[in-house]
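Note that the protein sequences, when read in sequence, are chains A and B. The opening position of the first sequence corresponds to residue 1 in the numbering used here, with each subsequent residue numbered one higher. The opening position of the second sequence corresponds to residue 1001 in the numbering used here, with each subsequent residue numbered one higher.
In case anyone wonders, no lab produced these hints; they're calculated from the structure. Wrong hints could be hidden among the right ones.
Per label pair, the in silico range of CB-to-CB distance [said to hold, decoys possible]:
| id | chain 1 | residue 1 | chain 2 | residue 2 | range |
| --- | --- | --- | --- | --- | --- |
| 1 | A | Phe-239 | B | Arg-1243 | 43 to 51 Å |
| 2 | B | Arg-1243 | A | Thr-25 | 33 to 41 Å |
| 3 | B | Ala-1018 | A | Ala-96 | 32 to 40 Å |
| 4 | B | Ala-1081 | A | Ala-83 | 26 to 34 Å |
| 5 | A | Phe-95 | B | Gln-1209 | 49 to 57 Å |
| 6 | A | Leu-94 | B | Ala-1149 | 35 to 43 Å |
Part of the chain A face toward chain B, derived, beta carbon under 8 Å [as the list claims (entries may be wrong)]:
| id | residue |
| --- | --- |
| 7 | Ala-90 |
| 8 | Ser-184 |
| 9 | Phe-195 |
| 10 | Ile-196 |
| 11 | Ala-200 |
Glycine included, C-beta positions come from ideal geometry on N, C-alpha and C.
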Amino acid sequence: MSRVGWIRLAVVAIAVGALELACRTGLIDHRVVIPPSEMATALVRLLLSGQANDQIARTFGIVIVAVVIAVVLGFAFGVAIHAVPRVRQALEPLFATYYAVPIFIFYPVMIAIFGLSAAPIVLMGVANAIVVMIIATLNGLDRVPRVLTKVGRVHRMGRFSTALRLKLPAAAPHLFTGVKLAVSYGFIAVIASEFILAPAGLGRVISDAYTDFNNPRMYALMLLLVIVATVVNMVLHVFDQRWAERRGIGRL
Amino acid sequence: MNSRVVDTVVITAVILLAWQGLHLIVGETALPGPVPTLAYLVKFVPTARFAENAWATFLAFFYALMLSYALGLLLGLWMGAHRLSGAVGEPILISLYTLPKITLYPVILLIFGLTLPGRVTFGAMHGVLPVALMTMAAIRNIPPVYLRAARTLHLSPWQTVATVLTPATLPEVLSGLRIGLTLTLLGVLLAEMFASKQGMGYLIINAMQLLQTEEMLAVAIMLFIFAVAANALLLWLEHRLHRRA
């Protein structure tokens, strides 16, 4: 690891250590924050007992379903919109303001329509993730070099094989960036919806634990979410960087 | 310009038609149509109840915004000017940025209770990260020749900040401020929706529990208009600065 990496690790370790110390010495009330070591042991115990496994599986299942729908539909819409420049021009301002609107204000509307089930949560995940995927697809298709279309024509390739064998690989790094963002946006939307109101799921369990003053369970599941979000985002980030590098080499 | 007006009209019409269509499919109780909702909105907005809750949200939003701008600009300035701090801190800030921060809201509640400072803190938690990250990027992207020119002209540090650094970074910093505004509003509303006895977020959740779908939609539309208008204003400023640069 580089020097910067070690310093970063040290900064995080010192922060966690300081929190531990502050909790142990009573500087922070045990009823407010429990020491990080207790959070970790509570998490391990909870996972081993299997009490929360259903909820964990449910939440991550919803995230996966929402992200897959958003990526597939977002890609399809992106391709369709890219094919008709006039429609794209009309939709551009909509995309620019889409994320300015706090989308969760429509979650209760979704509940009113679909009832209190997994459906509104999936929809919120899709709604939050699909537009980054559309934008990434448009960006990717914009960046396909003109020369590749000519290469396809020289080799007498059909439209379909040109798209599949030349354009798709050329746009792939941008599409992957879209997937990365879709995962993180979908995850945020699903967790937040579950927090606000949901029949079950991790967000619901954490908010119930908060209401019951069950701090070990609450902090254990918070820790789980923080770990999962960080690890998933780091893995996607590393892949993203690698694709971007390859794209840079490919251009030479 | 003219075609943009046409586009906006067409998009608005499509949304309204889709709303009406969905209303016909799912029925009156689940989703009232656009006409009764807008009629309700016109009646509801002048009431004292709306004014009180809108003011509560605005207050929390304003304090949270000031907090996230102040902290974000300071943090971004420090991480942009000091290379090592930037290299160490950037990935940490990025992973915090992608974290669903609502997860941490119960902690804020345990510390502050159901009070204004809690909602302000939670809103600022959302807004501070994009402001810091984009300010840092703006400072790093200053062409070195600008700084060399400042040195050649023997500008004092303050003159350098005022006449070179600020104009060079302003467009990018402004993008950060715009995203920060959006996310701060989101944070404040999430806080109100999760646990609060006042504010627009509370109004929406309360209306849902009482099955007053018209009120729920009316509040959502008002928030929608506010968010779009604030974003459009800052976007317009950004475009003007970019053109000048």
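Evaluated hints:
{"no.": "1", "hint": "A:Phe-239 / B:Arg-1243: 43 to 51 Å", "in the structure": "violated, 37 Å"}
{"no.": "2", "hint": "B:Arg-1243 / A:Thr-25: 33 to 41 Å", "in the structure": "violated, 56 Å"}
{"no.": "3", "hint": "B:Ala-1018 / A:Ala-96: 32 to 40 Å", "in the structure": "violated, 20 Å"}
{"no.": "4", "hint": "B:Ala-1081 / A:Ala-83: 26 to 34 Å", "in the structure": "violated, 46 Å"}
{"no.": "5", "hint": "A:Phe-95 / B:Gln-1209: 49 to 57 Å", "in the structure": "violated, 34 Å"}
{"no.": "6", "hint": "A:Leu-94 / B:Ala-1149: 35 to 43 Å", "in the structure": "holds, 41 Å"}
{"no.": "7", "hint": "Ala-90", "in the structure": "holds, 4 Å"}
{"no.": "8", "hint": "Ser-184", "in the structure": "holds, 4 Å"}
{"no.": "9", "hint": "Phe-195", "in the structure": "holds, 5 Å"}
{"no.": "10", "hint": "Ile-196", "in the structure": "holds, 5 Å"}
{"no.": "11", "hint": "Ala-200", "in the structure": "violated, 17 Å"}
The earlier numbered hints that this structure contradicts are 1, 2, 3, 4, 5 and 11.
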